[in-house]
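Novice: Sequence:
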Amino acid sequence: MLLELAVENYAVVDRLRVRFHPGLNLLTGETGSGKSIIVDALGLLLGGRASSEVIRTGEARARISGRFEINEAAAARVLEPAGFEAEDGELLIEREVLANGKSRVYIGSRPATVAILRDLAAYLGDIHGQHDQQLLFSPDAQLDMLDTFAGARDARRGVREAFGKWRAAEAELKDLESTEQEKLRLLDLWEFQRKEIENEAPEPGEDKALEEERRVQMNVGRLQENAGAAFEMLYESEESAYSALRAVLRKLEDPSLGEVRQTLEPAVIAIQEASHSLRDYLGKLEANPARLEEIEARLAALGKLKRKYGGTVEEVLAFLADVRERIAAVESAGERMEELRKERGLLAAEYENAAAKLTKLRVEGAKELARRVEKELAALAMERTVFQIVRAEAPWSASGVDRVEFLVSANRGEEPKPLEKIASGGEISRIALALKTCLVGMQKGPRRTLVFDEVDTGI
Numbered sequence: 017m018l019l020e021l022a023v024e025n026y027a028v029v030d031r032l033r034v035r036f037h038p039g040l041n042l043l044t045g046e047t048g049s050g051k052s053i054i055v056d057a058l059g060l061l062l063g064g065r066a067s068s069e070v071i072r073t074g075e076a077r078a079r080i081s082g083r084f085e086i087n088e089a090a091a092a093r094v095l096e097p098a099g100f101e102a103e104d105g106e107l108l109i110e111r112e113v114l115a116n117g118k119s120r121v122y123i124g125s126r127p128a129t130v131a132i133l134r135d136l137a138a139y140l141g142d143i144h145g146q147h148d149q150q151l152l153f154s155p156d157a158q159l160d161m162l163d164t165f166a167g168a169r170d171a172r173r174g175v176r177e178a179f180g181k182w183r184a185a186e187a188e189l190k191d192l193e194s195t196e197q198e199k200l201r202l203l204d205l206w207e208f209q210r211k212e213i214e215n216e217a218p219e220p221g222e223d224k225a226l227e228e229e230r231r232v233q234m235n236v237g238r239l240q241e242n243a244g245a246a247f248e249m250l251y252e253s254e255e256s257a258y259s260a261l262r263a264v265l266r267k268l269e270d271p272s273l274g275e276v277r278q279t280l281e282p283a284v285i286a287i288q289e290a291s292h293s294l295r296d297y298l299g300k301l302e303a304n305p306a307r308l309e310e311i312e313a314r315l316a317a318l319g320k321l322k323r324k325y326g327g328t329v330e331e332v333l334a335f336l337a338d339v340r341e342r343i344a345a346v347e348s349a350g351e352r353m354e355e356l357r358k359e360r361g362l363l364a365a366e367y368e369n370a371a372a373k374l375t376k377l378r379v380e381g382a383k384e385l386a387r388r389v390e391k392e393l394a395a396l397a398m399e400r401t402v403f404q405i406v407r408a409e410a411p412w413s414a415s416g417v418d419r420v421e422f423l424v425s426a427n428r429g430e431e432p433k434p435l436e437k438i439a440s441g442g443e444i445s446r447i448a449l450a451l452k453t454c455l456v457g458m459q460k461g462p463r464r465t466l467v468f469d470e471v472d473t474g475i
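Numbering of the sequence shown is given in the working numbering, commencing with residue 17 and proceeding in unit increments.
No lab work stands behind these hints, which were simulated from the structure alone. Some hints here could point you the wrong way.
[What the hints assert, rightly or not] Taking lysine-lysine and the DSS-like style, the derived pairs with C-alpha atoms no more than 25 Å apart in a straight line are:
#  : residue 1 : residue 2
1  : 358       : 181
2  : 190       : 358
3  : 437       : 391
4  : 322       : 211
5  : 433       : 383
6  : 181       : 376
7  : 224       : 320
8  : 199       : 383
9  : 190       : 211
10 : 224       : 324
11 : 391       : 376
12 : 358       : 199
13 : 373       : 383
14 : 383       : 437
15 : 224       : 322
16 : 199       : 211
[As the list claims (entries may be wrong)] Ranges of calculated distance between the beta carbons of each label pair, as one might list FRET restraints:
#  : residue 1 : residue 2 : range
17 : 73        : 183       : 52 to 60 Å
18 : 183       : 96        : 28 to 36 Å
19 : 96        : 224       : 54 to 62 Å
20 : 266       : 319       : 25 to 33 Å
21 : 92        : 397       : 38 to 46 Å
22 : 350       : 96        : 45 to 53 Å
23 : 30        : 173       : 43 to 51 Å
24 : 157       : 96        : 28 to 36 Å
Cβ atoms here follow ideal geometry from the backbone N, Cα and C, with glycine treated the same way.
Given the sequences, and given the hints that come with them, work out the whole structure.
Specialist: Structure, rendered in structure tokens:
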């Protein structure tokens, strides 16, 4: 419930503070006296769209704040995940609108987002203007109102979850059935592709290793010559780097040159190790025309696979894995379809059971809501009005198997008609007021604030 509203630099308002009390609060006045400004300002606290046009001329920002009494347990669903909490059942909400069109939101003096405000609005209040009366004509809106009154939200959630599971199984089954024939036609192609790749059995990185080996085989003579010369210069000849360095070390007999010797000795070891590596390399390096022919043939086979199935051996192997999965899916499709048919039957029964419970709540709730609306209308000078809620079967959906319609007869003896066929705007306004009053009466703890903007029109 809204306890207090403060408005600063909003439209033509400089500063305004309004305190509200439980029950009916009326704001009356001539056109232009500012009634709608208060309603619009409250709308911002309920997550409405902000615009710099609402800022009072000459000011940099507009500020609206509201102090609400709320149902802490219910609002906690929104507040706790966002890190907020009410204090002693009250919540302070503030919103600033800046000249650049942006806005700032504060809950309990801490920064928040407009999205949180919109989620929180369900526990704070509801603004109902004449343009909102069109919602009363919507079958979906009427069903929502009935579910709210009947306390059927949990049952409806169960129906929605059951419907989602049933529809998912139904969709998967239809997809398998519709694509089974096409996939069977593709099975021969996939089997051919799988066998072609598996027969060659490529290994990751194999093509790169073979290309390196081919390069060596094609340049054996030059490589032998260069490696041999390097071995001679480094170790084998009398003028080799190893011989020269050993000679240098022999000249460094003075103990004061110990640090120089220590610096050069690792170099001697490094030359020895490099020489041994060169010798081993030369020992393995010999021309092998047969091996070169094998390499060329293998690279050609891998190249064919890469041209057909991917630019690299890794991509070819990824293609093979995908083909194997497709083949396995086709081979197991029949078994999966049989499982889905059984699953679909069980889920359908689960949905029907949940929908039946929801229907029962709606039927019982419809009778009581109709009775209460008639009682409220009698207090609004419509004591002869008959209000009915008619239920009809509807196709399966996330909201159940019911379609409801609100029917009204303003005079006893007349056939009840849908709301949209009532010509009088005043009657629609009073029915809207009666419905809202009945629905808010279902709340436990502090009640939401209901704002009826110009609802008196036609009354």
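Novice: What hint numbers does the structure not satisfy?
Specialist: Going through the list in order, the structure violates hints 8, 9 and 20 and respects the others.
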